[in-house]
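Novice: In order, the protein sequences belong to chains A and B. Each residue of the first sequence is one higher than the one before, counting from 1 in the working numbering. Each residue of the second sequence is one higher than the one before, counting from 333 in the working numbering.
Calculated directly from the structure, the hints in this document are not laboratory data. One should not assume that every hint holds.
[Stated by the list, open to error] As a list, the in silico BS3-like pairs of lysine-lysine whose alpha-carbon atoms are at most 27 Å apart: (1) A:Lys134 - A:Lys24; (2) A:Lys134 - A:Lys187; (3) A:Lys187 - B:Lys520; (4) B:Lys466 - B:Lys356; (5) A:Lys188 - B:Lys520; (6) A:Lys188 - B:Lys519; (7) A:Lys187 - B:Lys519.
There are 2 protein chains.
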Amino acid sequence: MSLPLADQALADGVRRSERRALAKAITLLESTRADHRARADALLDALLPATGGAVRIGLSGVPGVGKSTFIEALGLHLIGQGRRVAVLAVDPSSSVSGGSILGDKTRMEQLSVRDEAFIRPSPAAGTLGGVAEKTREVLLLCEAAGYDVVIVETVGVGQSETAVAGMTDLFVLLQLPNAGDDLQAIKKGVMELADLVVINKADLDPAAATRAQAQITSALRVFGQQGNPAHGAPAPVMQASGLKGEGVAMFWALVMQHVEARRASGALAQRRQRQAQDWLWDLVRHRLLSDFRAHPAVQRVLPATLAEVSAARTAPSVAARRLLQLFESNNS
Amino acid sequence: MSLPLADQALADGVRRSERRALAKAITLLESTRADHRARADALLDALLPATGGAVRIGLSGVPGVGKSTFIEALGLHLIGQGRRVAVLAVDPSSSVSGGSILGDKTRMEQLSVRDEAFIRPSPAAGTLGGVAEKTREVLLLCEAAGYDVVIVETVGVGQSETAVAGMTDLFVLLQLPNAGDDLQAIKKGVMELADLVVINKADLDPAAATRAQAQITSALRVFGQQGNPAHGAPAPVMQASGLKGEGVAMFWALVMQHVEARRASGALAQRRQRQAQDWLWDLVRHRLLSDFRAHPAVQRVLPATLAEVSAARTAPSVAARRLLQLFESNNS
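Use the sequences and the hints to build the structure in full.
Specialist: And the structure:
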């Protein structure tokens with residue numbers, strides 16, 4: 001499929017890594033207009049052969065763990081090595097919080113002024129699914145624009161970690177060393193996503209950081225990463241200080257070790273293929289379900305049906321079959 | 333909705349806890365004939381007011397951990413206290429393995445001959461979704477038949493643990509004490525489901541069992557159960573020996589403590605309501621997706637589209653939108 005001339009120029013601009021073209025392409029992707037969406041799809045298809053070249057890193061941690069400072073130190077380190085870095089964000093709460101948590105350029109003052117860096121805040125639009133969707137597409141555009149490393153940042157709340165792990169090559173969890181003996185608890189389900197754990201701000205309390213490192217290392221050994229064929233070994237746990245730039249070189253070495261080992265074994269290509277398929281089916285499922293919910297015949301009875309199920313007056317399976325019958329008999 | 337006479341008699345028989353009526357009702361549920369399904373739905377609706385009275389326990393562990401022996405000891409203990417016990421199984425592999433893993437009555441020789449016990453193997457039919465679906469409905473029938481405790485057993489492979497945790501009030505993970513220092517690794521994602529961990533066969537190596545108990549307790553504290561408002565405290569970890577019947581009374585005390593605390597706080601009712609809603613939406617999603625995949629217009633292009641996505645020649649989001657357009661334009 002060939003692009004209209006204007007969009008051909010836009011695609012060329014992205015491929016030449018022109019910042020303005022990249023921003024314009026992202027705006028097109030994020031538009032809700034149907035004609036924009038059609039153009040964005042054609043643009044994505046045209047740029048797709050130029051994608052896939054970046055190391056995709058997902059990164060999460062609770063507010064206050066020092067994500068921005070760590071990313072800034074990492075970004076400057078990578079630029080120093082001649083690499084170009086894009087920082088994206090997935091923050092479904094940004095429309096509520098005003099985007100204060102993530103992707104805020106003012107938090108990465110030194111990185112954001114560099115030509116070799118591209119920082120894009122989380123799309124402010126609604127649902128996690130929608131935000132993740134746009135971020136996945138922006139990631140592809142950044143690859144087409146030749147960024148060598150794409151960091152997708154999220155915040156340690158909700159299901160956003162799963163979404164970010166689902167679009168990256170490795171998922172990093174930042175942890176705080178705790179002042180006391182009580183290690184900060186890791187949110188349920190998040191640890192199983194981690195390929196690498198970083199105790200950040202380790203300089204603040206080296207003894208606590210060392211204790212936290214030991215505790216998390218041991219817990220990872222117990223919880224399912226040992227002997228997992230997809231992993232081989234539990235995720236490494238390391239200390240760092242984003243503020244002082246300590247540990248950043250080691251972090252990058254561990255990332256490359258992870259990525260190179262998986263590239264050699266074929267696991268990286270497999271992960272990306274699986275992510276691509278999951279992405280397709282997530283979208284299909286989401287759209288089918290929203291069409292179902294919006295169907296007049298379903299809408300009419302849905303609130304009463306859900307109330308019946310909640311009150312245990314109708315079995316959920318029976319209710320589901322009745323809703324589906326309504327949907328299907330009014331659809332054909 | 334009133335039942336036909338024969339099914340009214342069947343419902344009455346289930347409510348009077350007649351074993352033959354219960355078995356017949358289950359057969360009706362498991363039938364794939366549409367007229368049977370309609371009768372089963374009406375039967376479920378009629379029996380629903382009599383459900384909800386049991387303590388629903390999910391239980392998992394790797395093959396060899398001693399699940400049957402533990403369940404038998406527990407079942408006999410509960411019968412000794414005047415309770416009636418049903419044991420169900422979710423084993424999506426049973427159609428392949430010949431059902432050797434789960435729900436096999438010969439494995440629970442003493443329990444299976446008791447009038448107060450009802451043991452039902454895993455439905456042999458196909459997918460996890462289908463098996464879980466039937467088991468959820470059989471659980472409701474068992475409650476209508478007045479069983480006080482329903483144990484749903486599964487095996488430590490695949491996604492079956494999530495399904496079982498999604499239909500029970502608490503989820504128990506059985507672990508082996510290890511002979512060496514290497515604790516058997518817990519499968520990723522399973523520990524976050526556990527409300528209670530039992531080191532079974534503790535009599536075989538008491539020192540190893542004590543070490544395993546300490547390691548798992550500490551790992552649970554690190555991994556997100558501490559401070560989780562839904563849990564309050566990390567899941568308890570205890571030792572037991574199903575073979576010697578040791579720890580069974582304590583197990584039951586912990587179960588009741590868990591259930592009573594959550595009943596008092598309203599968390600139990602909330603969990604069941606959420607499970608009921610999830611069950612409904614799972615079914616709807618599953619059916620919508622299978623209709624989508626079976627649609628001729630989709631079927632025609634799906635293999636080529638998936639191959640394009642795998643080869644990174646089409647962006648997954650673009651492919652999804654094209655498939656959905658085909659589906660919708662051929663549906664209206």
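Novice: All hints are to be evaluated individually against the structure, with a verdict given for each.
Specialist: Outcome of the hint check:
Of the pairs offered as hints, the one joining Lys134 of chain A and Lys24 of chain A holds, with about 14 Å between alpha carbons and a cut-off of 27 Å not exceeded. Proposed proximity of Lys134 of chain A and Lys187 of chain A is supported: the alpha carbons are some 25 Å apart, at most 27 Å. About 14 Å separates the Cα atoms of Lys187 of chain A and Lys520 of chain B, which keeps this hinted pair within 27 Å; it holds. The hinted pair formed by Lys466 of chain B and Lys356 of chain B meets the criterion: a straight-line CA distance of about 14 Å does not exceed 27 Å.
For the given pair, Lys188 of chain A sits about 11 Å from Lys520 of chain B by alpha-carbon distance, which is consistent with the 27 Å threshold. A distance of roughly 14 Å separates the Cα atoms of Lys188 of chain A and Lys519 of chain B; the hinted pair therefore holds under the 27 Å criterion. Using a Cα cut-off of 27 Å, the hinted pair Lys187 of chain A and Lys519 of chain B holds, with the two alpha carbons roughly 17 Å apart.
Checked against the numbered hints above, the structure breaks none of them.
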